[in-house]
Amino acid sequence: ENDEARFWALLENAWAGVGPEANEVRAALVKRDLDEEAFAEAAVLEEHLEAVLAALRRSCAELSGEELTALDRVVERKLHEIDRRDVHEVTDGSDDGFLYARGFIVGLGQEFYEAVARDPRVAVP
Numbered sequence: 001e002n003d004e005a006r007f008w009a010l011l012e013n014a015w016a017g018v019g020p021e022a023n024e025v026r027a028a029l030v031k032r033d034l035d036e037e038a039f040a041e042a043a044v045l046e047e048h049l050e051a052v053l054a055a056l057r058r059s060c061a062e063l064s065g066e067e068l069t070a071l072d073r074v075v076e077r078k079l080h081e082i083d084r085r086d087v088h089e090v091t092d093g094s095d096d097g098f099l100y101a102r103g104f105i106v107g108l109g110q111e112f113y114e115a116v117a118r119d120p121r122v123a124v125p
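Numbering follows UniProt numbering, with no gaps: position 2 of the sequence shown is 2.
Derived by calculation from the structure, the hints in this document are not laboratory data.
Please note that the accuracy of each hint is not assured.
[Unchecked claim] Here are the computed distance ranges between Cβ atoms for each label pair: (1) Gly97 x Asp3: 23 to 29 Å; (2) Arg73 x Asp35: 35 to 41 Å; (3) Asp95 x Gly19: 31 to 37 Å; (4) Glu47 x Asn13: 31 to 37 Å; (5) Leu34 x Asp96: 34 to 40 Å; (6) Asp95 x Arg6: 27 to 33 Å; (7) Val90 x Leu63: 29 to 35 Å.
If you're wondering where the values come from, they're calculated on a predicted model, not measured in any experiment.
Ideal Cβ placement from N, Cα and C applies to all residues, glycine included.
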């Protein structure tokens, strides 16, 4: 299993543990009408972030330093790949705010990440 596949699998497993509502919202964000605001959906997901992060911490607790470093490199690469003007225009905000927005994009999982990479309008401002 390569590092990127492992990263996305760990993230999906963490989201799976928070229940169906959050995962339905994540899927809906990808498929929504891009002319409609998605603030309510983003707020629902924010409510679940602590539980997702806790699940990730538990999943990563047994990993070696080398394995964690490899996963960190995946995160760095994914953040860098969407460090683009067209994505920033949608998410708006300061440089720090843009970093947080990209972290949110990555944190929502592979499907959302790839949708934003293809069409930045999928991102939530």
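Structure-based check of all given hints:
1. Gly97 x Asp3: 23 to 29 Å: Check passed, 28 Å falls within 23 to 29 Å.
2. Arg73 x Asp35: 35 to 41 Å: Holds - the Cβ-Cβ distance for Arg73 and Asp35, about 37 Å, lies within 35 to 41 Å.
3. Asp95 x Gly19: 31 to 37 Å: Distance hint for Asp95, Gly19 holds at roughly 34 Å.
4. Glu47 x Asn13: 31 to 37 Å: The hint (31 to 37 Å, Cβ to Cβ) is violated, given that Glu47 and Asn13 are roughly 19 Å apart.
5. Leu34 x Asp96: 34 to 40 Å: violated (26 Å)
6. Asp95 x Arg6: 27 to 33 Å: Check passed, 30 Å falls within 27 to 33 Å.
7. Val90 x Leu63: 29 to 35 Å: holds (33 Å)
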